[in-house]
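**Student:** Once you've looked at the hints, go ahead and assemble the two chains, each given alone in its own frame, into the complex.
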Amino acid sequence: MKIASYHEKGFLVIKVEGRMDIATSPEFEKNCAALTEQGNQNVVLDFSDLEYISSAGLRSILAIAKKLKSTGGSLSLCALTGLVKEVFDLSGFDNFLPIYTDAEHALAGDGK
Amino acid sequence: MFHNISIRWRLFAFVLAAAGIILAVVIGYGYLEARELLEEELEAKAWQLSNATANKIVTVEKAVAKVAGGLAATVAVHSGPQTDYYPLLERLLAETEELSGIAIAWDPGYRQRGGIAVSPAVHREGNRIERSDLSASGANYTVTDWYALPRNLLRPSWSEPYATGSGGDSLMVTYSVPLSAKTGNNSFLGVVKCDVSLEWLRELLMALPLEKNGYAFLLSRNGTYVAHPQNNFILKENIFSRAEEQDNALLRKLGREMVKGRSGFIRYDSIVSDEKGWLLYQPIPSTGWVLGVFFPQEAMSAKVAELSRKEAAIGLLGFLLLLPVMLLIARSITRPLLQLDKAARILATGDLDAPLPELRGKNEVARLADSFTTMRDELKVHLAMLEQTAANRERIESELRIARDIQMGLVPKTFPPFPSRRDFELFAVMTPARQVGGDLYDFFMPDDDHLCIAIGDVSGKGVPAALFMAVTRTMLRAFLHNGDSPGEALRHLNDDLAQNNDYCMFVTVFCLVVHLPSGTCRFANGGHNLPCIIRAGGDICFLPKTQGAALGVMEGLQVAENEIVLAPGDTVFLYTDGVTEAMNLQGELFGDNRMTAELSRQRALSCTGLLGAVTEAVAAHADGAEQSDDITMVAFRYFGQR
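For the protein sequence lines, the chains are Z and D, in the order given. Position one of the first sequence corresponds to residue -7 (the working numbering), numbered consecutively onward. Position one of the second sequence corresponds to residue 15 (the working numbering), numbered consecutively onward.
These are calculated hints, taken from the structure and not from any lab test. No residue lacks a Cβ here, since even glycine has one placed at the ideal position from N, Cα and C. Any given hint could turn out to be false.
[What the hints assert, rightly or not] Chain D side only, calculated, beta carbon under 8 angstroms to chain Z, not exhaustive:
id	residue
1	Leu366
2	Thr522
3	Val567
For reference, chain D alone in the conformation it holds in the complex (with noise of 0.2 angstroms):
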């Protein structure tokens, strides 16, 4: 189907094609590529941001623990009932920013055995400290968590988060350690407590640099909210009872890892908007808390999005930039192609002279052209040598033409030859084969009363022949006029034709003089096939065979000679191997025997008649095929004097 296509943009559609589908693989590959970079770096910066996160709310605690320890040493040391600790107290937390109130909680006991009229605390209320006495609220503090807690477990610790304020509405809690005297069995004092507000650690996670979507929470040590951008969360629900209201197992799972202090960065559907993302998780040492962010999807698939975007617009511009450098480049192919064409097509119209594009470099197409070039120059020379070869194989034809048109200038062909005779009847054709033959046939009257007959085929053909044929004729006649019987011509002509016959030609020629009054003929046979006599009562035969061989061959030959009578009606036929060997397709010869049945059945025509049904004959029986030998005939009929 491409190849009704031109060149040009084939190759145009096929480059940009391949570019294509490479663009589209980089951008693929690039696409999950930095999908997963960007996975990596963003679990990378998760860790950070958490351990970061983490650690600011460690060092929090440690100032808290820090303060709260020092007091309580401080307390343990200077510990008098008169003791006025609250400028201490104001002092320490105009120190210590992170703090919202500090107090010394005596235990109920020792108070009213020391007799100590105060557990001394303060607390900001905007910009200023105010003092207060816990004991003197009324409130029962020893059943508080922050109390409780160090008084049982004699060691610092810290409290569950709690709502307080008037509202509710500002969350704290309290590190709280236990105060013990120096000696005596019912050591306990009573309780150093830090209250930390937990509206910083708010907007410590509300600040953290996260996507659109993305925030962070905190969870107490069972589970509670103790910061969440769901503000009805904070202290109201805990990740398990989230986990039963949405009957998610696999919040269950994660609630129990992050309780059991474990940590770990997973993917995850946010439950406050059900978008996929990922979840880092860790617990913070000190106060068995635990930090969560959850990190959107959606803002890092946008960004590799936005990557890709740019890679394909990057792409399609380069895209866009192929096509006119691929349009250039298959012009720059096509165009001399093209050029080559359209001379091609002058050049086969048989202008050879038309020019040819010029092409330069060594490319290919350039050496298509030179090619073309040198079969062009190639194609003059060879057109010339042509008509160099046709003129000279004309001229050579032609002397050829002349050759046969002399050869057969030199038989006979005026017929009746003897008007005037009324004794005899002589007919005789010659039909020469394609090339010039050798055959030659002659007949002469020396005088009114003998007539000479010969017939002859020289070996070969063509101008060799056709000479060999002019000599042999010539010469006969000579000495035939000269008086020579047939065997005496023979013999002369052999001994003549031999001397100096380099080429090996040789003439076969059988010869017969007739003497009309009486009907006596002499004959001598050169290696010639014998001639027919047709009696006139019908039979018919060879002449009788006599010494002799074809001529020119080696001098001296013994040529002998033989008579017949002919009685008037008799007819003597001559011929040559054209007509006994004439072959058809088959390869089959003509014969002595169709020849003579031939003769036999037209004996009743005239000389020209018999010779003309024999001739027909032959070319009956060659049916088509190319006649390869000349083919010579001579009728003679004899009628006596009339």
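Okay, chain Z solo, but in the shape it has when bound (with noise of 0.2 angstroms):
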């Protein structure tokens, strides 16, 4: 798994790419958890390059978006494709995070 991250009109984006799942999931929380500490309050995960997500990939996301929303930021996801869009539909996890098609609308905060 890989980590890049930017920002861009108030927001960080993360990028992930590679695989998310019970190995590296713990590895990305501490990574996000360093970058939002810095004061990122707003944060847009980029998954277009991620392969996979498990459970516990969606654990890690969850308790990311849970710490954020505790001191006002927010969580949003975009481009999700394949198996990770389908991991998403399946567990209904576009009930409890915005998603969006790309980072541009992620950004806008517009187009779901």
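**Tutor:** As structure tokens, this is what we get:
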């Protein structure tokens, strides 16, 4: 798993590449925590290059969302593809988190 | 090649070899240096000796010249025909031990003119002094060297050495001074002559402190041997005749140098014994003779060799002393190492309490021993910690095992579960991954007409997942028992789980309630994989999607319900993502397609057979890759009223 991040329009965009499962999600959670602790409250997760996500990965995302919410921030997802999109559909996670088609829409906050 | 030799012997051999080489170099250098020094010393000594000898000869010559000169002066003053010179001559001879005879040889003409009766002469005869008359003997002395030279040159001169005596074995040389009248044209009156026996010269040369085979010789001013250890050379040979005879160009050259009055110290092979050595030659000023001294090399070489032998002996002695010292040093170094080695071997067998060698001091080996002791102590502590850790892990693992056993105990495992029922068939398997997982399934009949089936998957793994799973299973069963519909049951479950869910865990649950008499199925989905339905005719499809999401995330979640009707022979297949997401070593997922294909192919099998077939297909796909998630499947086949 590779993690890259950049700032745009007041958002912190975190791009995740590879697989997010029981083995990699603790690392993902730790990295995100480090990034958000620097004061980045509005976060967009760009999953365009994410190949696979397991329930452990979903849990990590939930944990981050909850943390951000408690400090007045927000978390949204964008660019879900293939298996990842399927997992989100199945688990109904689109009920809990705003999901956008791509980063542009996520930053604009519309076009769900 | 040295690596197989013990340190002790290596140290020993190397140090001794080095000492040996140093010794050899010192001795060699000492030999050369000593030779050079001795050569220099020899030359200095040679000059000293030669100079002293020359001086002695000169002293004698001077004494002789003085006597002769004094006598000549006296005769010139007192010259009178009647003067009796015998007493004066006798006195002078007695006083001057170097002389063997003194004479006044009058010029024959002068003698006749002056009427002089005798030419007085005295000489030693043993201890006595005898008188004689040169004129009386009848011999014509005017042709002799000692007379002719001063007569013609009108100055004192030394004769060439000549043999005299009865056997010609006595060697003599004569110093003669011309006598001149004070006035008159024909002023030459005669000659005063002093005879010197060369016996003392031979003795002087013989007495020189020379090494064995060393010798001294004297040449006259034209190169004739005057004194030489080879007696037969004397007066009979000269250096040039020797050179001719031996065809010795060097000797000829040397002879020329000598006769020219030069001096030198050169390497020289003795013409007597062919021995190598040095020759010193120098002229004796007044007579023009040449003194030569031969110093044989052997004597000096012997000295140098003796010196070297002594050095070698001392060196060897030191070497021998070094042997035991080196052995002791080498042993003192290796003994503690050997002790450590022994201790290490014992330690390696696991006996950490074996005594270690106690080494005093702070040298390298002692430090090694210290490190060794430290290592042993650390090892002990480490081992103790490891034991503790192992015990802890054992405890945790046993607790985890118990947790899993409890978890497994929470799902019904008795098959067939309802042996009296002929209207349906039910089978379930749960294959946990290595870690404690969070899958669950459950089924029960709240009444005779209804069968509840649920399958779920808790996010994550381990004890938290197992606990969450246990709570989920218990609550779900309670809600369904209370008569909740599947949708209501999941809504209630969600609300209860979402409260105080700080760890953000969630569970996906699919819940199905079958009305057995009619075959009507009501179902609700909390974010779980959609089950498949395999129709009796062979069609296979997923159950329709209904509103809902993973449970425990957000309170007040809406969960919708739907229903289908089962015909006899229809099969519902419920599973967790451990099936579809089983991976092989290449990272390929088992996937929906492989799963439905397998289900379709094996649909004729009983529920037990079907699950067995899918399990095998998943295992075949994984092809040895480690199972990362629980694999849980439930198969339900409806037969209807029979």
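**Student:** Would you mind marking each hint as holding or not holding in the structure?
**Tutor:** Status of each hint after checking the structure:
| no. | hint | in the structure |
| --- | --- | --- |
| 1 | Leu366 | violated (38 angstroms) |
| 2 | Thr522 | holds (6 angstroms) |
| 3 | Val567 | holds (5 angstroms) |
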